[in-house]
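Trainee: Using the hints provided, position chain B relative to the given structure of chain A.
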Amino acid sequence: SQQGEEDPQALSIQEGENATMNCSYKTSINNLQWYRQNSGRGLVHLILIRSNEREKHSGRLRVTLDTSKKSSSLLITASRAADTASYFCASGSGNTGKLIFGQGTTLQVKP
Amino acid sequence: NAGVTQTPKFQVLKTGQSMTLQCAQDMNHNSMYWYRQDPGMGLRLIYYSASEGTTDKGEVPNGYNVSRLNKREFSLRLESAAPSQTSVYFCASSESGSGGSLGTDTQYFGPGTRLTVL
Chain A
121 SQQGEEDPQA
131 LSIQEGENAT
141 MNCSYKTSIN
151 NLQWYRQNSG
161 RGLVHLILIR
171 SNEREKHSGR
181 LRVTLDTSKK
191 SSSLLITASR
201 AADTASYFCA
211 SGSGNTGKLI
221 FGQGTTLQVK
231 P
Chain B
545 NAGVTQTPKF
555 QVLKTGQSMT
565 LQCAQDMNHN
575 SMYWYRQDPG
585 MGLRLIYYSA
595 SEGTTDKGEV
605 PNGYNVSRLN
615 KREFSLRLES
625 AAPSQTSVYF
635 CASSESGSGG
645 SLGTDTQYFG
655 PGTRLTVL
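Residue numbers (the working numbering), protein chains in the order written: chain A, 121 to 231; chain B, 545 to 662.
Worth flagging that the hints you see were computed from the coordinates, not collected in a lab.
Source: prediction; values computed, not measured.
Relax, there's no trap hidden among the hints.
Taking lysine to any residue and the SDA-like style, the derived pairs with C-alpha atoms no more than 20 angstroms apart in a straight line are:
id, chain 1, residue 1, chain 2, residue 2
1, B, Lys553, A, Ser159
2, B, Lys553, A, Arg161
3, B, Lys558, B, Pro627
4, B, Lys601, A, Thr147
5, A, Lys146, B, Glu603
6, A, Lys230, A, Ala130
7, B, Lys553, A, Gly160
8, B, Lys553, A, Asn158
9, A, Lys190, A, Ser213
10, B, Lys601, A, Gly214
11, B, Lys553, A, Val164
12, A, Lys146, B, Gly584
13, A, Lys189, A, Pro128
14, A, Lys146, B, Val604
15, B, Lys553, B, Arg616
16, A, Lys146, B, Arg588
17, B, Lys601, A, Ser213
18, B, Lys615, B, His573
19, B, Lys553, A, Gln157
20, B, Lys615, B, Asp600
21, A, Lys146, B, Met585
22, A, Lys189, A, Arg170
23, A, Lys146, B, Gly602
Here chain B stands alone, though its shape is the one from the complex:
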């Protein structure tokens, strides 16, 4: 099992360009998450999906869109990249889903995408 995979590993964009970060998990998990990590800020949740077909905003959703394509895949799109979106992006998944357990499942993380916006 590969766990959680993310592509690309590195990306450089110019301001105003768009791109999609891809994430896939092979653990049959219900929930998937996108975080950004900035120095001294820990991880901040951008969007999450508690089950296939549902998505919800996290703490910092502005400037991003997401798609839960199927149970395996959860993509993050930057429509018009800005320098403030320079960050390391992590995708994660967990077994729990909406209306299910008390959210006590652990999260499994991908290796991250390092994005620089010039």
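This is chain A alone, in the form it adopts within the complex:
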């Protein structure tokens, strides 16, 4: 399988705590993206980090990328109940826009 791996598979935290999700991928990449999926809905893009970047921020999101370890992490700070969703990493390579998705982390934020 070409799929990457994410851990943990499931994460449950209290509102206000930080949530960290990790992703590993298998091939050389141009970029690593994170998507969010609410239950029963399509995926929504959160953030993209290019292969020559090591860290990127967007609001309460912080993404890191370590190409030597073929891994990335997503940190959500000061989590809210509305952050409850599944989060997927996706690695991009080549020039067709094709992505390989990880298996996802299900995050539950308890109010």
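Mentor: Frame of chain A; chain B shown alone:
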């Protein structure tokens, strides 16, 4: 703008029946994709089209065919449905096309089609 639309939202088929899932995007994107999502498996790419008139196999193409009808529309056909094709199907599009950028564009997803094959 509607973004990416998919029809139908739900479908139940009997083994051996055929059907076509429709997808359309109004963002003038070059690339379009079909994925299936199964519990615990994330999204797996079935087929993609990097530009109008071209299609390529993804990770799990067996049992499916696709047509890039024009720049807007990309359909997925199941010729003889099997229970193993029970899944949620997502269509997506992105701006990049073959020979273009380094594939750093984000993908925009439709709401999905929930298919059950009995």
